[in-house]
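For this one, chain A is given, so just place chain B on it according to the hints.
What follows is each chain in one-letter form.
2 protein chains.
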Amino acid sequence: MKRTSRDIRTANRYAVLRHLIAKSPASRGELAAGTGLSQATVATLVGELTALGLLVEVGFEESAGGRPRSLVAVDAAGGALVGVDVAETYVHAELFDLALGVVARAEEELRPGGSAPQEVVGRIAAAVRTVVESAAATADPHRPPRVLGVGVTMPGQVDRERGVAVRAANFGWRDVPLTALLAEHLPYPVHLDNPLRAATVAELWFGAARGRDDAVVINLGTGVGAGLALGGALHRGVTNSAGEWGHTTLVLDGRPCRCGDAGCVEAYVGAPAIMRALRELAPDSALLTEDDQTATIGALGRAAAAGDPVALRVVRETARHLGAAVADLVNLLNPEVIVLSSWVAAALGTPLLTEVREAVARHALGSPFAATEIVLSPIPTDPVCLGAATFALEGVLSSPGLTGTALTPHMT
Amino acid sequence: MKRTSRDIRTANRYAVLRHLIAKSPASRGELAAGTGLSQATVATLVGELTALGLLVEVGFEESAGGRPRSLVAVDAAGGALVGVDVAETYVHAELFDLALGVVARAEEELRPGGSAPQEVVGRIAAAVRTVVESAAATADPHRPPRVLGVGVTMPGQVDRERGVAVRAANFGWRDVPLTALLAEHLPYPVHLDNPLRAATVAELWFGAARGRDDAVVINLGTGVGAGLALGGALHRGVTNSAGEWGHTTLVLDGRPCRCGDAGCVEAYVGAPAIMRALRELAPDSALLTEDDQTATIGALGRAAAAGDPVALRVVRETARHLGAAVADLVNLLNPEVIVLSSWVAAALGTPLLTEVREAVARHALGSPFAATEIVLSPIPTDPVCLGAATFALEGVLSSPGLTGTALTPHMT
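Taken in order, these protein sequences are the chains called A and B.
Note that this note's numbering numbers the first sequence so that position 219 is 219, with each residue one more than the last.
Note that this note's numbering numbers the second sequence so that position 111 is 111, with each residue one more than the last.
Hints are computed from structural coordinates only; laboratory data are not their basis.
Computed Cβ-Cβ distance ranges for the label pairs, DEER-style: (1) A:Glu-119 x B:Glu-373: 35 to 43 Å; (2) A:His-185 x B:Arg-362: 37 to 45 Å; (3) B:Gln-118 x A:Ala-33: 37 to 45 Å; (4) B:Glu-290 x A:Ala-169: 49 to 57 Å; (5) A:Ala-22 x B:Glu-161: 26 to 34 Å; (6) A:Ala-33 x B:Glu-161: 17 to 25 Å; (7) B:Pro-309 x A:Asp-292: 51 to 59 Å; (8) A:Gly-231 x B:Gly-113: 37 to 45 Å.
The model shown is predicted, which means the values in this text are computed figures rather than measured ones.
Glycine is no exception: its CB is placed at the ideal position from the N, C-alpha and C atoms.
The following block holds chain A by itself, in its conformation from the complex (with noise of 0.2 Å):
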């Protein structure tokens, strides 16, 4: 509730990094007029970035009849974040340069129906070592990646601030002290968040949120789940658990969903309901792979996108449900966007989206729909290793010790 100048400082700087990482070089006069800041702001927030070893000056330009103005761009080489998936078959980590590219990726499986937390923080430890080993293989010699921070999500329910992994059905823990599990293994500081959230904020940063203040991130996937950035930053709720989309009444009394009530908005649009319309449309449809979703829903968009008329007839099917339930996040929170995220929106693609925008029409009311932009996502990698990557990122910007201070190198 209560905003300190503290928090100004670091929502300014996230302003002034956000911009440079879309484009750099910059003066600090584009800085200013792109962020809205004022110039003298702009200027002390580029000395305290450029003194975290986050940015350097790049040259002059010249400047219309004044002296030349000096440009600052993001030291990419500046530092190195780690983000991690962890989900019920693998842990996927991927290591990002500043301007936020991937510059090593490495992947553990996990077996599935649960697995323990020791072995989850082994697995994670290693896929950790294997991309920093790998992205110091690779650099300046003289100037090895420096990590500044490793971003985890983990799914279920987390509480961020303790670093504990409070509830993950699929992996059977409760109360899984994750963070401090980490920290035996890994000298970096560790942030833990939930893949919702990260897809949510790679966004904010990144992607189709980026410089919007109200944005909702559906992620379709086995699950689904809806990422609130409200008022340019993320909604969380009381306990870190907003977002439970999936988990809202579209057919009261309607089908059976896994969470134990019925008629959620997941027991309709979610992986397996999509795979059980093109079931009961097509029984022997060469598009079904009995118990592969990924295959299922990959040949799915793959001939919808080819015009075949059963596949076509599944997305619409899949788009009436989906399209009412996002008419209601449209109606309710009056967004600038609504991004469509995570595989099964990136298998289903624009068939998809051209369906779902003309069913939110019919549900919405004109004048937030006529409000609301609806796209799939544009970013091109996995935006859950991104987001995680970038709460390490929110981590070195809202230290209040680091300013004017380098970082101290942590190499294994």
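Positioned in the frame of chain A, the structure of chain B alone reads:
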């Protein structure tokens, strides 16, 4: 998106004044403890609010061992705020002192079915003049009320920055510049907004959402809506239309709704739907006064409170739908508190609250449900007038030019 130090100063002024309205007098130390602000910040803010004529020093309190601490209080007679609630059939105005106590009330009738802008403007101006004259008649003649501002709520979609009623369906209005028209009649700053947002800001300042980061205020009347207070401030959305929860889908392809869609929450829990439930259950019920929602819902509430089985079944049927729709807000937004407000909630009271809580428990996810209180509005007066007056107070507190200057008294 961008927060400035002026926003922070305004928010901090709100915090200090809210604290003092709830509990006057207080020492600067108590204010610092109650708001979480530093002693130095509180001292500056108290100075500003005193210069604005909103606070006064009221003496000293002994402190253990130290020098006596000076106490400040809201100067209730230091100014007046007017809140005006415009509905299809009436204009209701209330004049408040600075402690937000009601000093005078006035009501003007409107013909149902659409009044012209000039007529509504005339009624609003007349109601405001009546309350100001009535307050002046009872005030200290040496200190007549200084009207600091007038808040006006208009149903439908409102552009508060331009002061325009963009769309008021029950009036048949489009793009009526209400604030400019009122300026020809009233010598006070006018703040225009919508009644849903007024009821929400009233809870945020004076009711069940005070001191809460994330709250939802559910307006139950002929229409229904959900005002959102997120991050301690009103969430308006990109075109100030957030909160249209009444037109989110509860039963896909369900009952027709007056918005043109089908299966909306409002079609199941608005006053006409409650009357329909009573009519279907007991067509000859003595509780039913056809064409009079207020009388019927009032009788239903009294009968339910007295244990009448028919009335209780109607309340339960309403709560079955309302609870599912409230659970959607719990799951999506993870708020600290959900407030049931407006005349239907007041009429059905505790029997409705009890049934709604049980229905929400059946539909919401366990963890956010455990973190959410569900309560009836504790505001004893008309929350829309109170909220409209609060918008006027917020206007005073956010005026940058007012610091240290006395306000010009305006008397008609």
